[in-house]
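Residue numbers (the working numbering), protein chains in the order written: chain A, 1 to 144; chain B, 1 to 144; chain C, 1 to 81; chain D, 1 to 81.
Keep in mind that the hints were calculated from the coordinates and are not lab data. Owing to the predicted nature of the structure, the values given are computational and were not obtained by experimental measurement. Where is the CB? At the ideal position from N, CA and C, for every residue including glycine. One should not assume that every hint holds.
What follows is a set of in silico ranges between Cβ atoms, one per label pair, in the way DEER data are often shown [said to hold, decoys possible]:
id	chain 1	residue 1	chain 2	residue 2	range
1	B	S42	A	R136	42 to 52 Å
2	A	T128	B	T135	56 to 66 Å
3	A	L11	B	A62	54 to 64 Å
4	C	A61	B	T135	37 to 47 Å
5	A	V4	B	D45	31 to 41 Å
6	D	M1	B	R97	29 to 39 Å
7	C	P5	A	V4	50 to 60 Å
8	A	E58	B	P134	29 to 39 Å
9	A	E50	B	A12	41 to 51 Å
10	A	E58	B	R136	41 to 51 Å
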Amino acid sequence: MAIVHEPIDLLALVARVQDAGVGAISTFVGTVREHNDGRAVSGIDYEAYEPMATRELERVVAEAQAQWPSVRCAVVHRVGTLTVGEASVAIACADARRAPSMDAMRFVIETLKVRVPIWKREHYVDGTREWVDPTRAATAAVSS
Amino acid sequence: MAIVHEPIDLLALVARVQDAGVGAISTFVGTVREHNDGRAVSGIDYEAYEPMATRELERVVAEAQAQWPSVRCAVVHRVGTLTVGEASVAIACADARRAPSMDAMRFVIETLKVRVPIWKREHYVDGTREWVDPTRAATAAVSS
Amino acid sequence: MTPVPVLLFASYADAFGTRTLPVPIAAPCSVADLVDAMRPLAGGDRLPATPLVAVNHAYAAPSHMVMPGDEVALIPPVAGG
Amino acid sequence: MTPVPVLLFASYADAFGTRTLPVPIAAPCSVADLVDAMRPLAGGDRLPATPLVAVNHAYAAPSHMVMPGDEVALIPPVAGG
């Protein structure tokens, strides 16, 4: 469970949950895409309240493991400026069986998105930048 | 969509579905585990009816794309003798949004398991081998 | 009569001791008739009541007609993944 | 009175023009009172009705008491992933 400033290594994350008792590994990778809400995106700044984000990620994983006790989970979220196609978050959940690995993976990404103190500011091709607010339909544009 | 005889390269699979419009990539990896139904497993032989398995994989992916038209899917299944911890199957489903990528990934692994003509013979630590039959509670042991 | 070659895999290949079984029946014939023609052969007692059959790489119903030259395979319970 | 330093991030840091805002209120005080003391400050008009607050790296209810030395942060709507 970590906030990192470097590109995410998916295989290293998978290796952390791998084990001789594991038969299924589900992963989720979030990437920067070139469009959002109809606007052309050139990149995203990710910012975190790092000590709290790390603790929230640990709490989310602990809750997943309370619900699916045999699942092994690892999560990493990147901060800094990312370009289109780069991974911002990666989750790996491993279990003897596939259903718990998939259910836990989904729980972790859905819960992470509503609770972990991380923010993103999109850079648009037109030169503006904007903090993304999922609680509002539209956000105020801030000139870059 | 392929049957391969070499170790699976997860990152290459992810790269095949990656695209500037992609914001979410869900993957599933099936691995050989050291226990099944309480027996100690040392490895698994995977066998496929290769031309049909390839076509069934293509059909499963086509059905996923009919249900989630924007999802990009790639699947690879390995055949041959695998040891504990090695990946037998990998699926990557990418989309602008996470829900379709996760739903399509789950559909592909569940459908693959009931339809694609691939078989596995477990090698047990006690020296016996057995073809796994998911339709029967117990399968007949064949001495190695 | 030219026998119909049937491809066998996994436990079925073990049961019949071969990966290609010449089945003594003339095509055209139904899938059901083809399976019935396999039952008296050595290993045929290990077939389930309605084994899955593929014709030209697609699952085929018992009533499907097998034509000369078709690629026919018996599909044991699958266990991929 | 020693002001309570409040950590700000993202759009809130932009609104107040700083990443650590000394809020003129004496601890102990409730989270609700702390937020109210921020509203008259420059940028305070951009706060929502009930902004999320974290005390010592955990979300805190409006009635939670902030003690001297606590690490207090205002949490804008999160958008990770």
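Outcome of the hint check:
1. B:S42 / A:R136: 42 to 52 Å: violated, 57 Å
2. A:T128 / B:T135: 56 to 66 Å: holds, 59 Å
3. A:L11 / B:A62: 54 to 64 Å: violated, 29 Å
4. C:A61 / B:T135: 37 to 47 Å: violated, 19 Å
5. A:V4 / B:D45: 31 to 41 Å: The hint (31 to 41 Å, Cβ to Cβ) holds, given that V4 (chain A) and D45 (chain B) are roughly 40 Å apart.
6. D:M1 / B:R97: 29 to 39 Å: violated, 49 Å
7. C:P5 / A:V4: 50 to 60 Å: holds, 58 Å
8. A:E58 / B:P134: 29 to 39 Å: holds, 37 Å
9. A:E50 / B:A12: 41 to 51 Å: The hint (41 to 51 Å, Cβ to Cβ) is violated, given that E50 (chain A) and A12 (chain B) are roughly 33 Å apart.
10. A:E58 / B:R136: 41 to 51 Å: holds, 43 Å
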